[in-house]
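Peer 1: Sequence:
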Amino acid sequence: MSTAEQSTRPSLRTFRRRNPEEAPFACLTAYDALTAGHLAQAGIPLLLVGDSLAQVALGYPDTTHVPLDIMVALTAAVRRGAPNVFVMADLPFLAALTEEDALRAAARFVTEGGADAVKIEMDDSRTGWVQSLADAGIATVPHLGCRPQHVKKDGGYLVAGKTEVDRQQLASTAKNMEAAGAVMLLLEAATPEAAKAIRAVTSIPLIGCGAGPDCDGQIVVTADLLGLTPRQPSFAPPIVDGRGPLHAMAQTWISQVSSREAGGAYQATDTGKST
Numbered sequence: 001m002s003t004a005e006q007s008t009r010p011s012l013r014t015f016r017r018r019n020p021e022e023a024p025f026a027c028l029t030a031y032d033a034l035t036a037g038h039l040a041q042a043g044i045p046l047l048l049v050g051d052s053l054a055q056v057a058l059g060y061p062d063t064t065h066v067p068l069d070i071m072v073a074l075t076a077a078v079r080r081g082a083p084n085v086f087v088m089a090d091l092p093f094l095a096a097l098t099e100e101d102a103l104r105a106a107a108r109f110v111t112e113g114g115a116d117a118v119k120i121e122m123d124d125s126r127t128g129w130v131q132s133l134a135d136a137g138i139a140t141v142p143h144l145g146c147r148p149q150h151v152k153k154d155g156g157y158l159v160a161g162k163t164e165v166d167r168q169q170l171a172s173t174a175k176n177m178e179a180a181g182a183v184m185l186l187l188e189a190a191t192p193e194a195a196k197a198i199r200a201v202t203s204i205p206l207i208g209c210g211a212g213p214d215c216d217g218q219i220v221v222t223a224d225l226l227g228l229t230p231r232q233p234s235f236a237p238p239i240v241d242g243r244g245p246l247h248a249m250a251q252t253w254i255s256q257v258s259s260r261e262a263g264g265a266y267q268a269t270d271t272g273k274s275t
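In the working numbering, the protein residues as written are 1 to 275.
Please note: incorrect hints may appear among the correct ones.
[To be verified] Below, computed lysine-lysine pairings styled on DSBU-like, alpha-carbon distance capped at 30 Å:
1. Lys162 / Lys196
2. Lys196 / Lys175
3. Lys175 / Lys153
[Claimed, not checked] Across the chosen pairs, the derived CB separations fall in these ranges:
4. Lys153 / Ala107: 22 to 30 Å
5. Asp214 / Gln267: 29 to 37 Å
6. Gln267 / Pro233: 41 to 49 Å
By construction, these hints were calculated from the structure, which means they are not laboratory data.
Note that the Cβ used here is the ideal one computed from N, Cα and C, for glycine as well.
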């Protein structure tokens, strides 16, 4: 374990509302045990098993193509790979058409997937869902602002909170979600003014995803920071060039195979991993 890795799992108290002089907390996405373990070793305290895996891992054009069973299974994988991080799971598109559906699906993330919290794309019509989930003991994180699961209905990925009316509506919704029992909020693709409006009327942590610097936490897709995705969001420029080493590895392997340098036999000390 590196010095950065958590020795005990963070709790909701770890992600409390930050004062202006306090540093925000960092969050990233993970969809498998291996990646989750590396991010945990680096010191990331919160991992989201996001429905963005539809685009990043499965090759779909948007996030509306991930079955609940896959999300639960991958949440469990992330939990096994990173037992000492806070794991948040995305409720996928159409996994819950009713409040009862939401309860059953969220319960699966907790009991089968080992999730600490469940994130759900929300509006005021679903405030009752938050209340029911909270009453059942499930930590719920409403997703506000741009909601990727609604991209087909909305006609694209739209920036939220451009007008004062929009900002006040977002703030009102956020306040209602907190009153219903939400433990955190996530605001995606929104103006910094929208984040400030929400923080002015709530006391729970606000995680931003392209919502300005004034949030309590920040999250982006890990593959974006690695420079692996074909379209880079403006709010998540690559930190490292992940393509270069990946391409170099593949090309070196091709060369080794072509020249018959590759092809060694198992040794007694091998771990027994299978392809």
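Peer 1: Next step is simple, just say for each hint if it's right about the structure.
Peer 2: Right, here's what the structure says about each hint:
This hinted pair checks out: Lys162 and Lys196 have alpha carbons roughly 13 Å apart, not beyond 30 Å. For the proposed pair Lys196 and Lys175, the alpha carbon gap of about 13 Å is at most 30 Å, so the pair holds. Proximity of Lys175 to Lys153 is assessed by CA-CA distance (about 25 Å); at most 30 Å being required, the pair is judged to hold. Between Lys153 and Ala107 the CB atoms are about 27 Å apart, so this pair conforms to the stated range of 22 to 30 Å.
Between Asp214 and Gln267 the CB atoms are about 54 Å apart, so this pair departs from the stated range of 29 to 37 Å. At roughly 44 Å, the beta-carbon separation of Gln267 and Pro233 lies within the given 41 to 49 Å, and the hint holds.
When held up to the earlier numbered hints, the structure conflicts with hint 5 and nothing else.
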